[in-house]
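Residue numbers (full-length UniProt numbering), protein chains in the order written: chain A, 1 to 240; chain B, 1 to 240.
Hints should not be assumed to be uniformly reliable.
Some chain A residues judged to face chain B by a derived CB distance under 10 angstroms, without partners named [as the list claims (entries may be wrong)]:
hint, residue
1, CYS30
2, ASP32
3, ASP40
4, LEU41
5, MET42
6, VAL45
7, LEU49
8, SER53
9, CYS57
10, LYS99
11, ASP101
12, VAL107
13, PRO134
14, LEU218
Cβ-Cβ distance ranges computed for the label pairs, FRET-style [stated by the list, open to error]:
hint, chain 1, residue 1, chain 2, residue 2, range
15, A, LYS168, B, ASP117, 54 to 60 angstroms
16, A, ARG117, B, SER91, 57 to 63 angstroms
17, A, GLN208, B, ASP117, 26 to 32 angstroms
18, B, GLY36, A, CYS121, 38 to 44 angstroms
19, B, LYS55, A, LEU238, 53 to 59 angstroms
20, A, THR75, B, LYS74, 28 to 34 angstroms
21, B, THR44, A, ARG62, 44 to 50 angstroms
22, A, ASP50, B, GLY103, 39 to 45 angstroms
23, A, VAL180, B, ASN137, 53 to 59 angstroms
Rather than coming from a laboratory, the hints here were simulated on the basis of the structure.
Idealized CB from N, CA, C, for every residue including glycine.
Chain by chain, the residues:
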Amino acid sequence: MEEGLALVVERKGKKRKRKKMREDRGRPFCQDPLDVLGRDLMLRVLNNLDARSLALCLVVSRTWNRVASSDLLWTSKCEELWCGKAHIPRLSLVQGISKLDAYSLSVMDGKRNRIMRDDLCDHVWEFHFTKAAPEYWRNLDPYWKGNGPPMHRYFHPDGSQTADPGDKVWGGHESCYSIVTSIIGEGKIREHYVRINRWRPLAVSRKQDWSWEMTNNLFCYSSIPDAYKEGGTGPLFLVM
Amino acid sequence: MACSETTTRVLKLKTSDNEVVEVEEKAALQSEIIKGMVADGHSTDDAIPLFNVEKKTLAKIVEWLKKHASDVSKDELHKWDADFLDVDTDSLYDLLRASNYLGIEVLLGQLTQKVADMIARNQHQPIKIRELFNIKNDFTPEEKEEILKENSWVRSISTIRIRMQGWESLKLCMQGSYKGTKMPSKSLPLVNNSLQKENPIIQIVVAVKEPKAVRSYNISNRTMESQKSEGFVLVFVDSP
Chain A
1 MEEGLALVVE
11 RKGKKRKRKK
21 MREDRGRPFC
31 QDPLDVLGRD
41 LMLRVLNNLD
51 ARSLALCLVV
61 SRTWNRVASS
71 DLLWTSKCEE
81 LWCGKAHIPR
91 LSLVQGISKL
101 DAYSLSVMDG
111 KRNRIMRDDL
121 CDHVWEFHFT
131 KAAPEYWRNL
141 DPYWKGNGPP
151 MHRYFHPDGS
161 QTADPGDKVW
171 GGHESCYSIV
181 TSIIGEGKIR
191 EHYVRINRWR
201 PLAVSRKQDW
211 SWEMTNNLFC
221 YSSIPDAYKE
231 GGTGPLFLVM
Chain B
1 MACSETTTRV
11 LKLKTSDNEV
21 VEVEEKAALQ
31 SEIIKGMVAD
41 GHSTDDAIPL
51 FNVEKKTLAK
61 IVEWLKKHAS
71 DVSKDELHKW
81 DADFLDVDTD
91 SLYDLLRASN
101 YLGIEVLLGQ
111 LTQKVADMIA
121 RNQHQPIKIR
131 ELFNIKNDFT
141 PEEKEEILKE
151 NSWVRSISTI
161 RIRMQGWESL
171 KLCMQGSYKG
181 TKMPSKSLPL
191 VNNSLQKENP
201 IIQIVVAVKE
211 PKAVRSYNIS
221 NRTMESQKSE
231 GFVLVFVDSP
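Starting from the given sequences, assemble the full structure and let the hints guide the process.
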């Protein structure tokens, strides 16, 4: 029995030694590509990486950090990110920030579910009634009737809301909006909604293309894409 | 293979170690440098001096030039390229520098892609990139955290597998919510005793000795970088 045990131990030892040899042979004098290739070639190499891999290169070493944070690399990553998005966050287009920061800020802002006044005012909103709304309203709604372009709504910095002239549903009354956010503890949001006049609160959500949607059981607002707007849209500061 | 052109001139290339390599002009013209020299009226009797390339590397490059100037199917070329690029890292570096010097865009693209793949293959772990290329980590953990915090989007990774070995060698402290089954009988204290209070967004599924007993825990991301990986299977998943 002891012999058997000794044999097992020996075999394990051999295996460990063999493994170490294999490892040594596999990476004899592998060098840092940045040292060997130089900055320009390294930039070309890193340009082939996806955004996440590239960002992880930032923490490999200080020299890698300098190369991996180059604007040359992140400009194209930003363009890729923004391609097809409905809105481009204003704070990512601020003058003087690095493209890497612009990328990070964009990604973080794109996940934001808390709407701000700037978001409401900067975009034009498409408005329509939901299926659950009374027939009377749906009959006036071009979204359901198909007899014209969908209704638009505009939010203004003074708290008012307006529509296009000739809007059948509007009725000419004054409308106002408010954004309600209640925060508890360390910035955790307890509830968040948009209220128009005294109507039912609208729940706010974000779509994959960064456009907004506000809806209650009766009607629905969707932000219309305006990525063409110079300088971007939305708040100028980072919102959590 | 009928050649419409009658000129199949052979160029002589002299390497840094005074060896002469011959190559057909048609193939050699894929190099911008050689193309430029020929356009400038360099005589074919004299060898073109290539001071920065040694014989071994030039021979390989000439092989590539010949193959890419010949009539082969796209699939065959693709396969051939894959074999051609399957070399050790030092040779890759030599080829990269040489093709950069010679101005062979297509080859340079392939080589930089190959190195990029080597970097990206490390499953989003800077520590593995460092191991692969023998790079010294000159960041303090705090500095690294700072960088990753600024780019917090990097952390929402879908899955990573780390192999780790043996309960006893692993020092983890389980914190936060865990699904389903109870905590393992051994809760081990954290190596550097630094638990993140902020919401960790990565869950870890720890596979114990019996593969069926898989549990998931929330854990601070920082701990994963400071572990030696030997033996467990840990899977990171996005938090819901």
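Hint check:
no. : hint                                    : in the structure
1   : CYS30                                   : 5 angstroms, holds
2   : ASP32                                   : 5 angstroms, holds
3   : ASP40                                   : 8 angstroms, holds
4   : LEU41                                   : 6 angstroms, holds
5   : MET42                                   : 9 angstroms, holds
6   : VAL45                                   : 4 angstroms, holds
7   : LEU49                                   : 5 angstroms, holds
8   : SER53                                   : 4 angstroms, holds
9   : CYS57                                   : 7 angstroms, holds
10  : LYS99                                   : 12 angstroms, violated
11  : ASP101                                  : 8 angstroms, holds
12  : VAL107                                  : 4 angstroms, holds
13  : PRO134                                  : 37 angstroms, violated
14  : LEU218                                  : 30 angstroms, violated
15  : A:LYS168 / B:ASP117: 54 to 60 angstroms : 59 angstroms, holds
16  : A:ARG117 / B:SER91: 57 to 63 angstroms  : 60 angstroms, holds
17  : A:GLN208 / B:ASP117: 26 to 32 angstroms : 28 angstroms, holds
18  : B:GLY36 / A:CYS121: 38 to 44 angstroms  : 57 angstroms, violated
19  : B:LYS55 / A:LEU238: 53 to 59 angstroms  : 57 angstroms, holds
20  : A:THR75 / B:LYS74: 28 to 34 angstroms   : 32 angstroms, holds
21  : B:THR44 / A:ARG62: 44 to 50 angstroms   : 49 angstroms, holds
22  : A:ASP50 / B:GLY103: 39 to 45 angstroms  : 27 angstroms, violated
23  : A:VAL180 / B:ASN137: 53 to 59 angstroms : 47 angstroms, violated
Hints 10, 13, 14, 18, 22, 23 from the earlier list are contradicted by this structure; the remaining hints agree with it.
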